[in-house]
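Chemist: Each protein sequence line maps, in turn, to chains A and B. Following the numbering used here, the numbering of the first sequence begins with 1 at its first residue and continues without gaps. Following the numbering used here, the numbering of the second sequence begins with 326 at its first residue and continues without gaps.
These aren't lab readings, by the way, just hints derived from the structure by calculation. We put the beta carbon where it would ideally sit given N, CA and C, even for glycine. It is possible that part of the hints are untrue.
Label-pair distances were calculated between CB atoms; the ranges are [what the hints assert, rightly or not]:
hint, chain 1, residue 1, chain 2, residue 2, range
1, B, T574, A, D30, 19 to 27 angstroms
2, B, A584, A, I245, 32 to 40 angstroms
3, A, A32, B, E533, 52 to 60 angstroms
4, B, R524, A, G47, 26 to 34 angstroms
5, B, L540, A, A32, 44 to 52 angstroms
6, B, G402, A, A214, 33 to 41 angstroms
7, A, R78, B, T574, 54 to 62 angstroms
8, A, A32, B, E608, 39 to 47 angstroms
9, B, S607, A, A210, 33 to 41 angstroms
10, A, V279, B, R626, 19 to 27 angstroms
2 protein chains.
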Amino acid sequence: MSGPSAAEIVRGVLAGETRAVARAISLVEDGAPAAREIVGAVHRKAGRAWIIGVTGPPGAGKSTLVDALGAAFRMQGRRVGIVAVDPTSAFSGGAVLGDRIRMQRHNVDPGVYIRSMATRGHFGGLSRATADAADILDAAGYEVILLETVGVGQDEVEVVRAADCVMVVLVPGLGDDIQAIKAGLLEVADVYVLNKADRDGIEKLETEIANMLALGEETGRPRPRIVRTVAFLGKGLDDLLRAAIDHRTVAEATGAADARRRERSRWRLLDLVRERVLVWASERTEGGGGLEAAVARLCRREIDPYEAADSILGAFASQAGGRPL
Amino acid sequence: MSGPSAAEIVRGVLAGETRAVARAISLVEDGAPAAREIVGAVHRKAGRAWIIGVTGPPGAGKSTLVDALGAAFRMQGRRVGIVAVDPTSAFSGGAVLGDRIRMQRHNVDPGVYIRSMATRGHFGGLSRATADAADILDAAGYEVILLETVGVGQDEVEVVRAADCVMVVLVPGLGDDIQAIKAGLLEVADVYVLNKADRDGIEKLETEIANMLALGEETGRPRPRIVRTVAFLGKGLDDLLRAAIDHRTVAEATGAADARRRERSRWRLLDLVRERVLVWASERTEGGGGLEAAVARLCRREIDPYEAADSILGAFASQAGGRPL
């Protein structure tokens, strides 16, 4: 079964066709060979969208919040792309966030595109695929792109690095883990969204975040805002939109937005380098510098992990001609 | 200020000296040059410890559970090492889990070693450091090593890959995010610990997990157990210990334990390869194949990310002589 060529998909994406966008995102999600040509072409046309990352621990109500935000941007007449990133579904072979259920809420509106993404690869690649998907939506004319991810770890931090503005969603009742969450997100949050603000503990949570921000080092970025919401009831959405727009205005005026874009390019590049070296190493399984041979010696404790890595990297560095992987 | 040499630290670790263990773990945590010599030496002496990974979403009560498990193993007369891995604290420059508070509970007992770990690096390295720390504790004679990590993402999955047995701690009330959590942890869990089992929703949670396991594919591993606990009250601890011991017995008898150790070596090696290539790329900032030059062109959209990665990898592959990085 042959589908459209990469060039045809690129033309469709640039014309804003939903089917072409969907196909292009599937290809980057799968790490397909055509992804390279597609991203190479659309990357040059991208750069206009406003990308907002939304992250936070499980149960914080991110999906509801993202849907409400998307609706609010639609009311302003902007085209909205939503990418629900699901790092945890790498093993299940598919996103589990219920695309279809969410689509039903928006599917009469061609101005909204919603998509869940996982990754099929064993070497991460999710932040690479997310950044590629944002380029595709951007080139297709979506003016606001919402990247939603579940969690508080390094994965999520890397995914939301693709954003111009990062919203961290927290809720009362996280217990001691709030300490770890705060530390992990300190460097990426532009807006703290205190959701489910009708619950007990909201005052304590806000005080904790405010104290953390007061104690924080000068980052050179605009100081993060704190906004309370009850996304399920639509409460606080206006405040949240205003905080996002304020952040954008200040970030563009101070040069923080440019610095962020540069940092984003750096991470994206390193992420791609990482992924490709790992794919190379895992495919070169036999012979000197072969992965399986090194693993077997490592299991027998004949070599240590650092020696094993040397043998892989030596083989990589000495391969003929420095040709691209 | 010069401390002991790597060789002296190795001797201390092999003699089971707590100060040498602490110093060795700090060196691997910092990615210090001496770490390589230390891990190279202790790796050959390790391989006897029983490593149990404990993960789960924020608020699941993992720390309390790990402390209770540690105490239970001590009652059996085993030496216990606890490593609380904190991927989210990479940005804060230190672990935030409150070492000292936890230490107070055990600090009269020389048979327990407790340590929080973060990582100072910008390229992950936490799963590498965790595996190195496990080798150090193993070589120092700790018979049970508990690796505790907060979260449900790829980071945590990679950290607990260092374990012989993985316990996933869940609690009632995770809402829809339970779907993503279940999918992410499906492939790594050996024991599901349903903690805070005195709460509403415990029946529903257990049914969900049981249904998921019934639907799951054959993995070639022993089928995961489900155990209810109220760790705070010490309830269910005996059942949990029994489940862990059963898992070990079956895994050793069926060859699953060997397969796991082999898989662990593979991941550990790839993780190290990844980290070292990224460190190399980030240090080579200028000139052809230099990181900053590529980032600048990428920002201007003169090249796309894949072309930029080619330039970095080409420079890497063509560097003289294939010498180790």
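Chemist: Each hint needs a verdict: does it hold in this structure or not?
Modeler: Now for the hints, and whether the structure bears them out:
At about 40 angstroms, the beta-carbon gap between T574(B) and D30(A) misses the expected band of 19 to 27 angstroms. For A584(B) and I245(A), the hinted distance range of 32 to 40 angstroms is not satisfied, since their beta carbons lie about 54 angstroms from each other. A hinted range of 52 to 60 angstroms is violated for the C-beta pair A32(A) and E533(B), which are about 34 angstroms apart. For the pair R524(B) and G47(A), the supplied restraint of 26 to 34 angstroms is violated, since their beta-carbon distance comes to about 49 angstroms.
For L540(B) and A32(A), the hinted distance range of 44 to 52 angstroms is not satisfied, since their beta carbons lie about 29 angstroms from each other. At roughly 49 angstroms, the beta-carbon separation of G402(B) and A214(A) lies outside the given 33 to 41 angstroms, and the hint is violated. Look at R78(A) against T574(B): about 60 angstroms separates their beta carbons, and that is inside 54 to 62 angstroms. Remark: the range hint 39 to 47 angstroms for A32(A) to E608(B) is contradicted by a beta-carbon distance near 32 angstroms.
Between S607(B) and A210(A) the Cβ separation comes to about 35 angstroms, which falls inside the hinted range of 33 to 41 angstroms. The given range of 19 to 27 angstroms is respected by V279(A) and R626(B), whose C-beta atoms sit roughly 25 angstroms from each other.
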